[in-house]
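With the sequences and hints as input, model every part of the structure.
2 protein chains.
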Amino acid sequence: MSKTAGIVIIGNEVLSGKTQDTNSHFLCRELRTLGVEVRRISVILDEIELIGKEVATFSRNFDLVFTTGGVGPTHDDVTMAGIAHGFGVKVIRHPELERRLRERHRENINEARLRMAEVPEGAELVGEGFLYASVVKLRNVYIFPGIPKILQERFEAIKGGFRDTPFFLKVVYVKEGEGVIASILNNLLASFPELLLGSYPVLDNPDYKVKVTLESKDMNYLSRAFQKLLSTLPEGAIHRIDGN
Amino acid sequence: MSKTAGIVIIGNEVLSGKTQDTNSHFLCRELRTLGVEVRRISVILDEIELIGKEVATFSRNFDLVFTTGGVGPTHDDVTMAGIAHGFGVKVIRHPELERRLRERHRENINEARLRMAEVPEGAELVGEGFLYASVVKLRNVYIFPGIPKILQERFEAIKGGFRDTPFFLKVVYVKEGEGVIASILNNLLASFPELLLGSYPVLDNPDYKVKVTLESKDMNYLSRAFQKLLSTLPEGAIHRIDGN
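So the sequence lines, in the order shown, correspond to chains A and B. The first sequence: position 25 = 367 (my numbering), numbered continuously. The second sequence: position 54 = 396 (my numbering), numbered continuously.
Calculated from the structure, these hints are not laboratory results.
One copy or two, either will do: identical chains are not told apart, so a pair holds if it fits within one copy or between any two.
Below are the BS3-like pairs computed for lysine-lysine, each with C-alpha atoms no more than 27 Å apart in a straight line:
#1 Lys360 to Lys570
#2 Lys570 to Lys512
#3 Lys345 to Lys512
#4 Lys360 to Lys491
#5 Lys360 to Lys551
#6 Lys395 to Lys345
#7 Lys512 to Lys360
Structure, rendered in structure tokens:
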């Protein structure tokens with residue numbers, strides 16, 4: 343069994359179409375490379391009750407939970423309050439975060455800026471010891487800001503801790519359409535029921551019509567399934583092969 | 343009250359980081375322009391039970407539901423079966439879709455290709471009368487394929503039916519950071535509690551630090567809130583103003 347993960351994207355700006363979320367794709371790619379299986383993404387509104395319920399549910403259902411967005415000094419930054427609500431704890435001012443904020447802003451510190459030190463009670467800091475590389479963690483929930491650059495830096499700093507057995511992948515670009523190869527793929531799955539097999543049609547590509555992906559955490563199993571696919575596809579149907 | 347919508351993205355390829363979903367952003371932008379409020383996006387695995395449960399829940403909670411992905415002739419295309427399961431109906435072969443598929447493929451028709459005619463019992467076709475512009479609809483659920491180009495064409499063909507009172511938007515690009523303007527925004531919300539107010543910090547832009555968005559379906563209300571914001575921001579704090 344892989345480690346599983348769920349991602350909660352918090353942000354009216356995504357749902358109202360103002361911002362395209364790129365954080366979930368970044369996290370999905372990185373986590374897959376680490377061998378972690380992302381099983382669900384939710385994009386929800388900046389509402390305390392909603393955030394609390396969603397994050398608590400994800401926390402029960404998955405080994406790791408990542409939230410992005412809603413962390414900051416303004417009225418619409420309610421992620422910390424939402425997560426605290428979901429776990430039935432208070433929002434407190436984290437002493438170490440407060441110390442760093444006071445050091446940074448000196449005489450310009452104010453109530454709004456100090457909101458950046460607020461965390462659910464019981465939360466800890468993980469990652470490097472300077473302000474913008476720490477990730478706030480409560481139980482199995484990692485709380486990230488929504489700005490992609492900051493999220494990526496912080497994720498890089500802590501990702502080693504998430505590593506699991508890697509997935510092995512073969513990608514076969516096939517010149518025939520899905521209507522032709524569907525039965526071949528069905529037969530392949532009948533022989534290799536544990537194989538993670540994907541079939542993705544591609545429009546307007548002169549070289550191939552379908553991208554077929556084969557994955558497994560068992561390299562040997564993958565290799566045998568891959569050989570079977572190669573031997574059952576029609577002569578000349580393969581445009582290109584990729585993989586790790 | 344606006345019409346509400348939820349989007350269900352069905353696809354292991356998104357969760358495993360192989361594909362970046364762009365369909366949800368397209369739908370969020372289009373629906374916002376039409377005056378429809380998207381309240382939730384879920385990205386879930388290609389699993390029948392999961393799809394059924396999610397789509398049925400969305401159907402109860404929102405006026406309109408859009409699904410993307412998992413529609414096609416191969417083993418991993420289980421959206422139709424999932425939605426049928428969720429509503430407790432059978433999967434049937436739609437006579438009109440079958441007719442079009444047989445006309446298109448002639449003597450090359452096969453079982454895999456005929457899977458493209460399968461829909462949940464009770465589903466209807468909306469949109470133009472040729473194969474690739476019809477959208478399969480069951481109750482308030484619109485079932486789209488995952489390929490962005492096809493999804494966009496089909497959405498364009500039917501979107502007129504979703505139109506609601508539009509949102510009016512003002513965007514103010516502010517040179518001060520959130521730590522400075524947070525209290526101004528809080529005061530604005532205290533005076534205009536119905537205002538949809540967003541505050542989005544921007545990194546590494548030499549011209550401004552925060553993008554502030556004000557929205558309402560009531561143009562007059564928006565206009566008064568906007569004037570109040572302009573009159574309370576510090577002198578010279580505005581870089582630029584946008585909106586409709």
